[in-house]
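As you go down the protein sequences, you meet chains A and B in turn.
The first sequence begins at 28 in the numbering used here and counts up one residue at a time.
The second sequence begins at 28 in the numbering used here and counts up one residue at a time.
Please note that a few of the clues may not be correct.
The list cannot tell twin chains apart, which means a pair is met if one copy fits it or any two copies do.
Stated by the list, open to error - Pairs of lysine-lysine residues, derived as BS3-like cross-links and limited to a Cα-Cα distance of at most 27 Å, are as follows:
#1 269 x 128
#2 121 x 84
#3 187 x 121
#4 57 x 269
#5 265 x 479
#6 232 x 383
#7 428 x 84
#8 232 x 114
#9 187 x 57
#10 241 x 428
No wet-lab data here; the hints were simulated from the structure.
Values in this document were obtained by computation on a predicted structure and should not be read as measured data.
There are 2 protein chains.
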Amino acid sequence: MYNPNERVVQVAVIGAGVAGLKAASTLVNKLGDAQVVVLEAQDRLGGRILTDTTSSKLGLNYDLGAAWFHDSLTNPVLKEALEEEDKSVFDFEKDAYFDDKDTQFFSSDHDGPIDVASLKINRVSEDLEKFIELYFVESLEVPDSSLEEVNSKFFEKYGKFLTDEQRHYCRNIIRHYELWYGITWDLISGKHAIMDHNGRNLLNKNGYKFLIEKLTSNIPSQSVYTEQQVVSIDRKNKVHDKKVLIQTKQGLRIYCDYIVVTVPQSVLQLKSASEYGITWNPPLPSNITSALESIHFGALGKVIFEFDEVWWDPEEDRFDILADITPGFVASQEIKSPPVPFSYPAFVVNFASVHKEKNLPGGSLVVLTQSPLTQYLESSPASEAWKFYKPMLAKLALPGKNITEPINIIKTNWTNNPYIRGSYAALHTDDDPSELIIQLSGEFDGCGLIDKNIRFAGEHTISDGAGCVHGAYMSGLREADWIINDLSDSISNI
Amino acid sequence: MYNPNERVVQVAVIGAGVAGLKAASTLVNKLGDAQVVVLEAQDRLGGRILTDTTSSKLGLNYDLGAAWFHDSLTNPVLKEALEEEDKSVFDFEKDAYFDDKDTQFFSSDHDGPIDVASLKINRVSEDLEKFIELYFVESLEVPDSSLEEVNSKFFEKYGKFLTDEQRHYCRNIIRHYELWYGITWDLISGKHAIMDHNGRNLLNKNGYKFLIEKLTSNIPSQSVYTEQQVVSIDRKNKVHDKKVLIQTKQGLRIYCDYIVVTVPQSVLQLKSASEYGITWNPPLPSNITSALESIHFGALGKVIFEFDEVWWDPEEDRFDILADITPGFVASQEIKSPPVPFSYPAFVVNFASVHKEKNLPGGSLVVLTQSPLTQYLESSPASEAWKFYKPMLAKLALPGKNITEPINIIKTNWTNNPYIRGSYAALHTDDDPSELIIQLSGEFDGCGLIDKNIRFAGEHTISDGAGCVHGAYMSGLREADWIINDLSDSISNI
Numbered sequence: 028m029y030n031p032n033e034r035v036v037q038v039a040v041i042g043a044g045v046a047g048l049k050a051a052s053t054l055v056n057k058l059g060d061a062q063v064v065v066l067e068a069q070d071r072l073g074g075r076i077l078t079d080t081t082s083s084k085l086g087l088n089y090d091l092g093a094a095w096f097h098d099s100l101t102n103p104v105l106k107e108a109l110e111e112e113d114k115s116v117f118d119f120e121k122d123a124y125f126d127d128k129d130t131q132f133f134s135s136d137h138d139g140p141i142d143v144a145s146l147k148i149n150r151v152s153e154d155l156e157k158f159i160e161l162y163f164v165e166s167l168e169v170p171d172s173s174l175e176e177v178n179s180k181f182f183e184k185y186g187k188f189l190t191d192e193q194r195h196y197c198r199n200i201i202r203h204y205e206l207w208y209g210i211t212w213d214l215i216s217g218k219h220a221i222m223d224h225n226g227r228n229l230l231n232k233n234g235y236k237f238l239i240e241k242l243t244s245n246i247p248s249q250s251v252y253t254e255q256q257v258v259s260i261d262r263k264n265k266v267h268d269k270k271v272l273i274q275t276k277q278g279l280r281i282y283c284d285y286i287v288v289t290v291p292q293s294v295l296q297l298k299s300a301s302e303y304g305i306t307w308n309p310p311l312p313s314n315i316t317s318a319l320e321s322i323h324f325g326a327l328g329k330v331i332f333e334f335d336e337v338w339w340d341p342e343e344d345r346f347d348i349l350a351d352i353t354p355g356f357v358a359s360q361e362i363k364s365p366p367v368p369f370s371y372p373a374f375v376v377n378f379a380s381v382h383k384e385k386n387l388p389g390g391s392l393v394v395l396t397q398s399p400l401t402q403y404l405e406s407s408p409a410s411e412a413w414k415f416y417k418p419m420l421a422k423l424a425l426p427g428k429n430i431t432e433p434i435n436i437i438k439t440n441w442t443n444n445p446y447i448r449g450s451y452a453a454l455h456t457d458d459d460p461s462e463l464i465i466q467l468s469g470e471f472d473g474c475g476l477i478d479k480n481i482r483f484a485g486e487h488t489i490s491d492g493a494g495c496v497h498g499a500y501m502s503g504l505r506e507a508d509w510i511i512n513d514l515s516d517s518i519s520n521i
Numbered sequence: 028m029y030n031p032n033e034r035v036v037q038v039a040v041i042g043a044g045v046a047g048l049k050a051a052s053t054l055v056n057k058l059g060d061a062q063v064v065v066l067e068a069q070d071r072l073g074g075r076i077l078t079d080t081t082s083s084k085l086g087l088n089y090d091l092g093a094a095w096f097h098d099s100l101t102n103p104v105l106k107e108a109l110e111e112e113d114k115s116v117f118d119f120e121k122d123a124y125f126d127d128k129d130t131q132f133f134s135s136d137h138d139g140p141i142d143v144a145s146l147k148i149n150r151v152s153e154d155l156e157k158f159i160e161l162y163f164v165e166s167l168e169v170p171d172s173s174l175e176e177v178n179s180k181f182f183e184k185y186g187k188f189l190t191d192e193q194r195h196y197c198r199n200i201i202r203h204y205e206l207w208y209g210i211t212w213d214l215i216s217g218k219h220a221i222m223d224h225n226g227r228n229l230l231n232k233n234g235y236k237f238l239i240e241k242l243t244s245n246i247p248s249q250s251v252y253t254e255q256q257v258v259s260i261d262r263k264n265k266v267h268d269k270k271v272l273i274q275t276k277q278g279l280r281i282y283c284d285y286i287v288v289t290v291p292q293s294v295l296q297l298k299s300a301s302e303y304g305i306t307w308n309p310p311l312p313s314n315i316t317s318a319l320e321s322i323h324f325g326a327l328g329k330v331i332f333e334f335d336e337v338w339w340d341p342e343e344d345r346f347d348i349l350a351d352i353t354p355g356f357v358a359s360q361e362i363k364s365p366p367v368p369f370s371y372p373a374f375v376v377n378f379a380s381v382h383k384e385k386n387l388p389g390g391s392l393v394v395l396t397q398s399p400l401t402q403y404l405e406s407s408p409a410s411e412a413w414k415f416y417k418p419m420l421a422k423l424a425l426p427g428k429n430i431t432e433p434i435n436i437i438k439t440n441w442t443n444n445p446y447i448r449g450s451y452a453a454l455h456t457d458d459d460p461s462e463l464i465i466q467l468s469g470e471f472d473g474c475g476l477i478d479k480n481i482r483f484a485g486e487h488t489i490s491d492g493a494g495c496v497h498g499a500y501m502s503g504l505r506e507a508d509w510i511i512n513d514l515s516d517s518i519s520n521i
């Protein structure tokens, strides 16, 4: 008898973000429609890819989640997008922009942009980053310390190389990394802070939704279940001759041979007693649970201010607004009352420059936010975001122009989303990124689960492209390929 | 009977450049005056450190050889100079300058500086360098190819990422490396071209002569022999109970237990029949002679133009003048008739900016030259250098100003110096830098000579700081320490 609350398949993918959809799409191609299901807790697909196409009063698309193709020289998602014949899916000329003109810097104590070129601010930044790298590679015994601490060490040791102005403006310029990791410099692991990129970052102007649409195009809708929150995974199941039983809060039961778990690290590390946690039966072994605690989760957010006038420089791509130094201020401390402007640095992407060719009747500034500011702003009315950023953004006003009130404010809400809980994995001081990847990637024998039919994918399970769309994408492909290979092995063994 | 043409000592150092003098100075400190001699072929000390203090009509010092402290975060020579208590030896505030403001670019087809910031030229350069790195690390099997060839591959593969102007101005921007290695891009090993620096390059405004003076301060003058060109090294000597006999063209005979050979790689690789070569008895084994042929020697030179008026931007540190593209032009080909301006890129250091605080009645431009241009210019009258560079330097003239005739031209002469023969070791395509270092550094057992009392030092014998003053310096220290250690071992073994 047909039971609408039950499905028996070969593979179930948990989570319909880019990792899950890439896995499912690959599996459907190989195993056919009937053998793959995707379970998604939210009412929409895409996970941390979320292109807002409706909120803008300027007619723009905004990626509230992932927005850039990172590592553009080696990015496989970009490579495939470029090979796309159907230009309505992705058109490099129209849809992509390298928003990487030399960043303009602003500071509370200076009118107009700081003369970065004459002050050689970028040379100091480069030296500072190199110092941090060298500091930790000098010996394996150097203990990790926060980005804030190792920054101080640079100024102690090499402050004498700098001019007074360089010392002043560069004293916390390294906080820029807060807007990369989504956590503050007193938490960021100094050891893992400095990254090497394989090429420029390419902004996806039209939004990453093209990728979700492309990936779902070959997955039949009856294989995709939204609003199905997985509450338990029984990996010793015997019913229906399937090894795994997945149950959702909404009462769906999936019996299958393989699962690909792509829920964020923030969900995976929830205790089973938690309202949004998954109960594993038998429980996950300690090698995995302790690895899950060896890294943290950041909270990168965005606030988008739209204006009916462009009162800032439309020719610049990016603005860095430096934070003030307040003795005793602990940047990571939870924010309970309106924060003081300039207490956190801001990184602002100029969408007036990004969309220059559109000749819009106005323009927008996309401001990236870091924890704990993200939590505060995402839980407050939009007016709070404006109150905080207005004095900072006012610095961007061109001579003779004044900052105007925004006509629209769009905010992210990742930290209040119980299925996401922030942005992506982030390394606090003393965190060990390799442990979780080794345990979850399934690339090494003797690691992970004994039952190899339980697979993990997502940005937190991979080194190349960690925290990025292309990392998640490749991890989904990796697990689909593993399952396909395992299935063909079992067939040839018969 | 005392013979003025004979000395019997423990250690002889061949070559009084920075490597030889550091070795000798260290050895004298430990073994005493009487046990160390230094043999120098030229009539002056310093080798490829040569500070010209007399030629300038503006009262400036010019380093005709090494001029910068490279890797300033880890440079041991700089570190010691900074610790110097006697500020008349080295005074960071007065004697050093980070001449690394964002470089201005000029091109034959453009008036005034190219708008590097708006065109994002530096982003393209960074991508290009990253591409070259990635190209060769992708697999160990990727064969080496010239910088020119791998540059073409970048434009083939990633030209689509660039704007028309970026493609135009960046098409041979990588030739900038010619002014680092002293050879042209059709020869430079792509595999070894891209370097990682440990910090900014610090220009030594007053000249590196301070270092030579410091190193020689504890070496008694009777231990230093100038104008003594070593013609033979007998390493099976038995006379005077010493293992080695060194003979010079001028008739000096040194009997010793240890030698430190610091002559340039360009001299070391000369056949013994050559007028300036060294005859080894027995000959050097093939592992060393073939390693000596596994790398080449560059010819970085300088032409310094002094003017009684500063008609260029006194606020800029560096100017890069891009070369034109001429189909079929082979950059490395020997120059027999006056070269066409813009056929080689120029790298110009603005000494008006470097010495800004002096308020000079004029200023100078220090132009770096690469092989084969260096050979041509060093063998031609100074007017030839002006003829070649004038149309290129004219691009630097500020609006409303015109280029003026120089009041003085100072040129290097390294390629005509038979004891130097160029600048420093340089890697052609397919060269293997590690082989020579392994053979000469004495750091690995089973390599180099069986008679371990024959030591080698110099910029060509070391990885960290290869081609640099601090590399040469540390190699000299390394060999002195080795000998001191070996001597104390022999004593304790008795």
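Hints, verified against the model:
1. Proximity of residue 269 to residue 128 under the C-alpha cut-off of 27 Å is found in neither arrangement, the shortest distances being 55 Å within a copy and 66 Å between copies.
2. Proximity of residue 121 and residue 84 under a CA criterion of 27 Å is satisfied intra-copy only: 20 Å inside one chain copy versus 57 Å between copies.
3. Taking identical chains as interchangeable, the C-alpha atoms of residue 187 and residue 121 lie at most 27 Å apart only when they sit on different chains, with a minimum of 13 Å there against 47 Å within one chain.
4. Within a single copy, residue 57 and residue 269 get their C-alpha atoms as close as 20 Å, which meets the 27 Å cut-off; across copies the closest is 79 Å, which misses it.
5. When the C-alpha separation of residue 265 and residue 479 is checked against a cutoff of 27 Å, the pair qualifies only within one copy, where the shortest distance is 16 Å, while the shortest distance between copies is 73 Å.
6. With identical chains, the CA atoms of residue 232 and residue 383 are at most 27 Å apart within one copy only, with a shortest distance of 11 Å there and 45 Å across copies.
7. Taking CA atoms no more than 27 Å apart as the test, residue 428 paired with residue 84 passes inside one copy only; the shortest distance there is 22 Å, against 50 Å between copies.
8. When the C-alpha separation of residue 232 and residue 114 is checked against a cutoff of 27 Å, the pair qualifies only within one copy, where the shortest distance is 14 Å, while the shortest distance between copies is 56 Å.
9. With identical chains, the CA atoms of residue 187 and residue 57 are never at most 27 Å apart, being 62 Å at best within one copy and 33 Å at best between copies.
10. In this assembly of identical chains, the alpha carbons of residue 241 and residue 428 never lie at most 27 Å apart, being 44 Å within a copy and 59 Å across copies at closest.
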